Every structure is written in C-alpha cells, then in structure tokens.
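Novice: Full structure from sequences and hints, please.
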Amino acid sequence: MSDTNGSPLLEVRNVVKHFPIKSGLLIDREVGQVRAVDDVSFTLADGETLGLVGESGCGKSTLCRTILQLLEPTSGSVLFEGEEIAGSSRRALRPLRREMQMIFQDPYASLNPRRRVGQIVGDPMTLHGVASGAEQKRRVQELLDRVGLSPEHYNRFPHEFSGGQRQRIGIARALALRPRLIVADEPVSALDVSIQAQILNLLEELQEELSLTYLFVSHDLGVVRHVSDRIAVMYLGKIVEIGPADELYSKPIHPYTLALLSAVPIPDPKENAAREPLVLEGDVPSPANPPAACSFHPRCPWASEVCSEVEPELVDYGDGHLAACHHPLNVSG
Amino acid sequence: MAPPLLQVADLRVQFATEDGIVRAADGVSFDLNEGEVLAIVGESGCGKSVTAQTLIGLTRSPNARIEGSVRYADRELLAARGEELQRVRGEEIAMVFQDPMTSLNPVYRIGDQITEQILAHSKVSDEAAWEEAVRLLHAVGIPDAERRARNYPHEYSGGMRQRAMIAMALSLEPSILIADELSTALDVTIQAQILRLLELLNSDRGLAVVVITHDLGVVAEVADRILVMYAGRIVESGTLEQIFYDPQHPYTWGLLGSLTRLDQPRTKRLAQIRGQPPSLLAPPLGCHFRPRCPHASERCEEVPELKQRAGVAGHADRCWLGPEQKRSLRQVGDRIGLEVPAE
Numbered sequence: 131m132s133d134t135n136g137s138p139l140l141e142v143r144n145v146v147k148h149f150p151i152k153s154g155l156l157i158d159r160e161v162g163q164v165r166a167v168d169d170v171s172f173t174l175a176d177g178e179t180l181g182l183v184g185e186s187g188c189g190k191s192t193l194c195r196t197i198l199q200l201l202e203p204t205s206g207s208v209l210f211e212g213e214e215i216a217g218s219s220r221r222a223l224r225p226l227r228r229e230m231q232m233i234f235q236d237p238y239a240s241l242n243p244r245r246r247v248g249q250i251v252g253d254p255m256t257l258h259g260v261a262s263g264a265e266q267k268r269r270v271q272e273l274l275d276r277v278g279l280s281p282e283h284y285n286r287f288p289h290e291f292s293g294g295q296r297q298r299i300g301i302a303r304a305l306a307l308r309p310r311l312i313v314a315d316e317p318v319s320a321l322d323v324s325i326q327a328q329i330l331n332l333l334e335e336l337q338e339e340l341s342l343t344y345l346f347v348s349h350d351l352g353v354v355r356h357v358s359d360r361i362a363v364m365y366l367g368k369i370v371e372i373g374p375a376d377e378l379y380s381k382p383i384h385p386y387t388l389a390l391l392s393a394v395p396i397p398d399p400k401e402n403a404a405r406e407p408l409v410l411e412g413d414v415p416s417p418a419n420p421p422a423a424c425s426f427h428p429r430c431p432w433a434s435e436v437c438s439e440v441e442p443e444l445v446d447y448g449d450g451h452l453a454a455c456h457h458p459l460n461v462s463g
Numbered sequence: 003m004a005p006p007l008l009q010v011a012d013l014r015v016q017f018a019t020e021d022g023i024v025r026a027a028d029g030v031s032f033d034l035n036e037g038e039v040l041a042i043v044g045e046s047g048c049g050k051s052v053t054a055q056t057l058i059g060l061t062r063s064p065n066a067r068i069e070g071s072v073r074y075a076d077r078e079l080l081a082a083r084g085e086e087l088q089r090v091r092g093e094e095i096a097m098v099f100q101d102p103m104t105s106l107n108p109v110y111r112i113g114d115q116i117t118e119q120i121l122a123h124s125k126v127s128d129e130a131a132w133e134e135a136v137r138l139l140h141a142v143g144i145p146d147a148e149r150r151a152r153n154y155p156h157e158y159s160g161g162m163r164q165r166a167m168i169a170m171a172l173s174l175e176p177s178i179l180i181a182d183e184l185s186t187a188l189d190v191t192i193q194a195q196i197l198r199l200l201e202l203l204n205s206d207r208g209l210a211v212v213v214i215t216h217d218l219g220v221v222a223e224v225a226d227r228i229l230v231m232y233a234g235r236i237v238e239s240g241t242l243e244q245i246f247y248d249p250q251h252p253y254t255w256g257l258l259g260s261l262t263r264l265d266q267p268r269t270k271r272l273a274q275i276r277g278q279p280p281s282l283l284a285p286p287l288g289c290h291f292r293p294r295c296p297h298a299s300e301r302c303e304e305v306p307e308l309k310q311r312a313g314v315a316g317h318a319d320r321c322w323l324g325p326e327q328k329r330s331l332r333q334v335g336d337r338i339g340l341e342v343p344a345e
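Sequences listed follow chains A and B, in order. If you read the first sequence in the numbering used here, its first letter stands for residue 131, the second for the next number, and so on. If you read the second sequence in the numbering used here, its first letter stands for residue 3, the second for the next number, and so on.
Note that these hints are calculated values from the structure, not bench results. Just so you know, these numbers come straight off a predicted model, no measurement behind them. Glycine included, C-beta positions come from ideal geometry on N, C-alpha and C. Wrong hints could be hidden among the right ones.
[Stated by the list, open to error] Okay, derived cross-link-like pairs now, PhoX-like style, lysine-lysine, Cα gap no bigger than 25 Å in a straight line: (1) B:K270 - A:K381; (2) B:K309 - B:K328; (3) A:K381 - A:K400; (4) A:K400 - B:K328.
[Stated by the list, open to error] Listed next, with one range per pair, are the computed distances between beta-carbon atoms: (5) A:P428 - B:H123: 33 to 41 Å; (6) B:P64 - A:S262: 49 to 57 Å; (7) B:R89 - A:A423: 53 to 61 Å; (8) B:R14 - A:G259: 56 to 64 Å; (9) B:R77 - A:E335: 50 to 58 Å; (10) B:L60 - A:N144: 47 to 55 Å; (11) B:Q88 - A:E338: 57 to 65 Å.
Specialist: Put into structure tokens, the structure is as follows:
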C-alpha cells in the first residue's frame, strides 16, 4: 500500500493472546487460560510515539511481542503499512523484520556476552544481506558514534561497558537495519536517573533525525509522558484509556489512570504535602482469573453494581481520548 | 535537645579485590535522631547500601577493612561481636531489603519465619509467638492475617511480601528501621501503599527510619533529612526543603534536573549529567564529581571539605563554588539542573 498521508504505520485490531495453563501427570490437560492480552486495538501513525503504561503483569510486554510476531496472536490482526502480518509465515515476515526492531529492558541479558560490539551491531546487517566486510564495519562505527559510543569500541565485549553504555549498544543494534518502527520495552527502567536522562534525550534525537515511530513501554509515568505523543493505559490485558499525552495527564477519565498518576511520588516536598493522593487497596488480580465485567471494579472507589455486571466499552470522549468506564471522571455532561 | 540515637563518624569501608582496593564508603559521618526519617540518596555503586549494611555488621568479611565509629546508645557497634551484635540486629536496628522474593525463605510458611525470629530473641511460648506474628501481619495491612500467616512466600504478591518483611523487622520492636530500596521492585500503586505504611510506623511508633533509595520522588514523600552520596562520599546533607529548594552541590542539581516530573510542564530536552559514575577502584583525584561537572575548575583537583553553610543550620555540602556562583549556575531555564545538552 502506498504511504498516503494519515494512513497509520501500524494498526492493531482486536488482538488477543491467551496462554494455556496446563496440568496433569502424563497427559497435559488445559485447565485454564491466562488472558495476557484481551482484545486490544490501536493505531500508530508514522513518526508518532505511543506510550504504553501499566503495572507488572498487565500484558504490556506480551502485547509488544505479539505485535512483532515474536508470539503468535490467538486472534486478531496486526497491519503494518496496511499489510496483514499476523499469522504470516516466517519467510514472509523476514523482509518486514527489517522495518520493526526492538530495544529491550535489561542491557545485561540482551547482549550476547561472547560477541564483540562490532558483531552484535553488525550481525543484523549480515543476516539481512545489507552490508558486509569493510562497508559493514564503516556503518557499525558510524552507528556507534551516533549513539554516543566511540568507534574504537568496535572490538570490545559487552562486559567492558556500564549499563547505560550497554543500552546504547542495544539501540545501535536496533538501528542497524534502518527500521521505521521501534518497540522499546522498558528501555530505561534498569538505569540510574542521570543515565536515564541521557538515553531519553538520545532516543528523542534519533526519532527526529531518522523519522522513527516508537511504541514506548514503561511503568514509569514520568518517563512515558516525557517521550509520548499519545498514551495507552493497560490493566489486566485491556486498554482502559488511550488519548493525547497532555490531556490524559491533566484530565484522566478512567479511575485507574487517576490512581496511577496519583501514586507517582512528586519530587517536591511542598506539593507532596499539599495533595491528597488516591491510594488503591489491594493488588492487581491474576489474569488467569480476572474479575467479571470491569476488571478494575474490586479496587475502584467509584465502583457500583453495574461495574460487576456489564463490561464497559471504550467510548470516545472527543479528540481521540477514549476510556472504558461506567463512571468516567473529568467529563462534562 | 536529646542526643542523637545513632552517631556515625568518619566511617570508612574498603574491600580488597583482585583488581585493587574498592573504597565503598570514604569518610561518611551523620547522626540519626529519634523519630526521624533520614534518606540516603545516590546512584548505584555510590556506597549507600554498604554504609547502611555496615551499621549492623553485615559487611564484615576477611577482605573488608572497616574504620571509624558507629555509636548507638553509648555502645560502639563496630566493636560489637557475637551475641552482642546478634542482639543489636533485630532488637535495636532492623533492616528490610530490596528484594522480598529472595530475602524470604521459600520453604517455610510466612508465620513460621516471623515466629522463629521472635523465639530466637525472647522467651515466650510457641503459641504466643505465633499470635504475635499474626498480630504483626495484621498491623502491616495483610488482609485475613490468621489464614495468610499459614501461606508460603510464593503465595504472596510482591507488595505483600514486602509487608511481611516489614512485619518481621518490627517483630522485636527495634528503634531503628533501615529500608534498603524498599519500594524499588514494586509497582507504583503498591509502592504508594508501602510508603504510607512507613509513614504510619514513623508517626505512630516514633520509629526512626533510614531510607536508602535512588528515587528522589520517594524521598520527597517520606524523608525529614537527606544525605546525597556520590562515589563513596557524602556530597550534600540537609533537610528535605534545603535539598529540594536550595541545593548547593552540582551533583544534587543534576539529580533534580534529570527527573521526568509529572508536576511540571513537559520540557523538550531533559537536563542531564554527562558521562557516568566513576569506578570506586580508581576514583578521580580531588572532587570525585569533577569529570562530570561542567562548572569544575583547577581548584577541584583538591578535595573540598563537607562544609557547613554559613548562617544555614543543618545544611552542608562539599563544593568549592561560592554561594553566589551556586545560585546562578544551578538555574537551567526555569528549573534547577546541571546542563541541557545542545540539540
């Protein structure tokens, strides 16, 4: 499909990913399902950054892997530039893999300790037949330079680098094939604050230079707001609210979004003392056995009878701000 | 004024390793007052955890050299040995660790683990100890504590495990609780619950708390006083307000500036600290922060003292810059920060 103005780069439609729970001595019987991702839809425009927030176990990482076809979705469709990629064969996916790359959370576990930096960043080029030999070396060194490492680091091993530098290697590797979409799964969570700021600034520069599209996953709402144009909030496998970043932060509609925002400690003693945060009771329920209807209702201070009987649909409140709640906040009328 | 509960003076902890000597804590001094929440802030490897662990003798090992003094209730803790040290741990100073998953024993029930600690330190019957364990679990907000005490750690969620750890730490009614990155492994909503619990314990029981964290947001929520550590040294110490509204050390400006803050409008670029923390094997000469500091001069090759600010009680910092210079240099745009990188 031609790249017409306004057509999304990525479209996710009703994606579902269930994992079977198996039990039994000799024969595995399926005794239940973990609904890791449960009917998720959104679109991602070219050059945009969509932030994905939620607590651990809400399905953020599974969703990322399902989008990239690292996990096969149970149902639903994923369109990249209008082309269906869900359920495609590995061979058919191969050229598309160049367009979609991932940056991982753990800069220690995601780099092969026995390969040199030059190989780590150069391997994708070899595998896809993009460049080899001296040309590959030149390109790798260019990339290293671009992400703030020095070209002399070409022959070093990952253990010689600090966490922040390793994350830079991971970014260089993701950029090696000049992708259009980058899925960044908690790229700064494992880093110290002073290094976080460096990596966030780098990601932003790269986006402008290479017109990249980001799907940016994090549990840190401050980080997500800093980088995102739009934000989606997930709870137990579902998107409960999605909207433009500033609006979602200033006027959250779903009580869960409000609770998440209010739980973030503000680094300002006076403001902290002045506010009355909404502290949620209890823990996130297990996605193997989610509460009926609105899965947030057991923890929600606004919950009423309808919340445990009817599942709320995502409703558009204008300007692309959608939320799934029977008792929407900050909505007039 | 009452004397401080705990007095740490010129604490030095060195570890001999194959690569050389690591100076994890290099002349750390501070007081902890009764009923106070003291936060030690810094990045990984700055020596904050080593400092806290040394207080209750957890860093003692054949390759460690520990100097200085830690005084608690007229006793020198660094000299305490054997049973005396055992009694201090738990009964006087208790510690809660970052990772509740690995600090609980997976093959014993939660209630039994707490009971064991009570029985090891006091002469009560098994039944009384169990009842006490249930009461403590209830006190830290475990619902249905009677039944939950019979659970194993894997049946608890992360937040509940952290609560169980706190219950265990409280079981011997210590006067000091050390919380090492208590809320780091938790989700924000659960983190908020645990911070509330700490505040409650502090205000209701007058428990003195040492919070060790890298998260300035957490600090702003709970702390009375703050120590900022960098590469084994305290670079600034002051009250909560002093550190947040009138920070004196460039490293503190950098920490404040690199935060992505929800309470302020979005900035285009984050102020950052360039480079990375030094290795404690061979830290830079002079001021350890010098190589990363845009305001460094030749003078910084000499180590600055941790100096009390003139006319401002309780606020000290380790920097050569004058008060006027500091006031103008720390302003980056309309916020406090170190430097905004060029586009």
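Novice: Is the hinted pair K400 of chain A and K328 of chain B satisfied, with a Cα-Cα distance of at most 25 Å?
Specialist: holds, 23 Å
Novice: Quick one, are K381 of chain A and K400 of chain A close enough, alpha carbons at most 25 Å?
Specialist: Given that 25 Å is the threshold and the Cα spacing comes to 22 Å, the pair holds.
Novice: Between K309 of chain B and K328 of chain B, does the CA-CA distance stay at or below 25 Å?
Specialist: holds, 14 Å
Novice: If I claimed the Cβ atoms of L60 of chain B and N144 of chain A lie 47 to 55 Å apart, would that claim hold in this structure?
Specialist: Distance hint for L60 of chain B, N144 of chain A holds at roughly 53 Å.
Novice: Indicate whether the distance between the beta carbons of P428 of chain A and H123 of chain B respects the range 33 to 41 Å.
Specialist: holds, 39 Å
Novice: Given the hint of 53 to 61 Å, check if R89 of chain B and A423 of chain A actually sit that far apart at their C-beta atoms.
Specialist: holds, 54 Å
Novice: Can you let me know if the beta-carbon spacing of R77 of chain B and E335 of chain A is within 50 to 58 Å?
Specialist: holds, 55 Å
Novice: Kindly confirm whether 49 to 57 Å is satisfied by the beta carbon distance between P64 of chain B and S262 of chain A.
Specialist: holds, 52 Å
Novice: Are the Cα positions of K270 of chain B and K381 of chain A separated by 25 Å at most?
Specialist: holds, 21 Å
Novice: Can the suggested window of 57 to 65 Å be confirmed for the beta-carbon pair Q88 of chain B and E338 of chain A?
Specialist: Once the Cβ atoms are compared, 60 Å apart, the range 57 to 65 Å for E338 of chain A and Q88 of chain B holds.
Novice: Is the distance from the Cβ of R14 of chain B to the Cβ of G259 of chain A consistent with 56 to 64 Å?
Specialist: Hint holds: Cβ distance 58 Å, inside 56 to 64 Å.
Of the hints listed earlier, there is not a single one the structure fails to meet.
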